[in-house]
Amino acid sequence: MINSARFLKGHELSSSQLGATGFCWGGGMTNRLAVVLGGDLQAGVPFYGSAVPASEVSSIEAAMMVNMADTDPRINAMWARLRSGASGE
Numbered sequence: 253m254i255n256s257a258r259f260l261k262g263h264e265l266s267s268s269q270l271g272a273t274g275f276c277w278g279g280g281m282t283n284r285l286a287v288v289l290g291g292d293l294q295a296g297v298p299f300y301g302s303a304v305p306a307s308e309v310s311s312i313e314a315a316m317m318v319n320m321a322d323t324d325p326r327i328n329a330m331w332a333r334l335r336s337g338a339s340g341e
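Read in order, the letters of the sequence shown are residues 253 to 341 in our numbering.
Derived from the structure by calculation, the hints contain no laboratory data.
The reader is advised that the hints may include incorrect statements.
[Unchecked claim] Per label pair, the in silico range of CB-to-CB distance:
#, residue 1, residue 2, range
1, Thr323, Gln269, 30 to 36 Å
2, Glu264, Arg326, 40 to 46 Å
3, Gly271, Arg335, 20 to 26 Å
Here a beta-carbon is modelled for each residue, glycine too, at the ideal position from N, C-alpha and C.
Kindly produce the complete structure, drawing on both the sequences and the hints.
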């Protein structure tokens with residue numbers, strides 16, 4: 253997936269603006285792309301995706317719109333831990 257994103261961004265017909273979105277597993281992959289691609293990803297919109305480790309958040313340069321459900325205990329707990337670590341609490 254990472255190489256595919258890099259291929260698309262560098263293609264001669266590309267605007268070189270790259271975004272990613274995904275649901276569930278795809279949401280987690282959107283988050284992973286944001287970490288690995290850094291400044292090469294302009295926007296990410298994950299839906300219910302697994303959070304990346306707090307130690308990797310600083311690698312994200314893309315604008316992110318993270319979507320979660322009110323009643324998804326596993327995913328919501330993961331993001332709560334990430335927010336807590338990212339804010340220094």
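Hints, one by one, checked against the model:
no.: 1; hint: Thr323 / Gln269: 30 to 36 Å; result: 35 Å, holds
no.: 2; hint: Glu264 / Arg326: 40 to 46 Å; result: 42 Å, holds
no.: 3; hint: Gly271 / Arg335: 20 to 26 Å; result: 23 Å, holds
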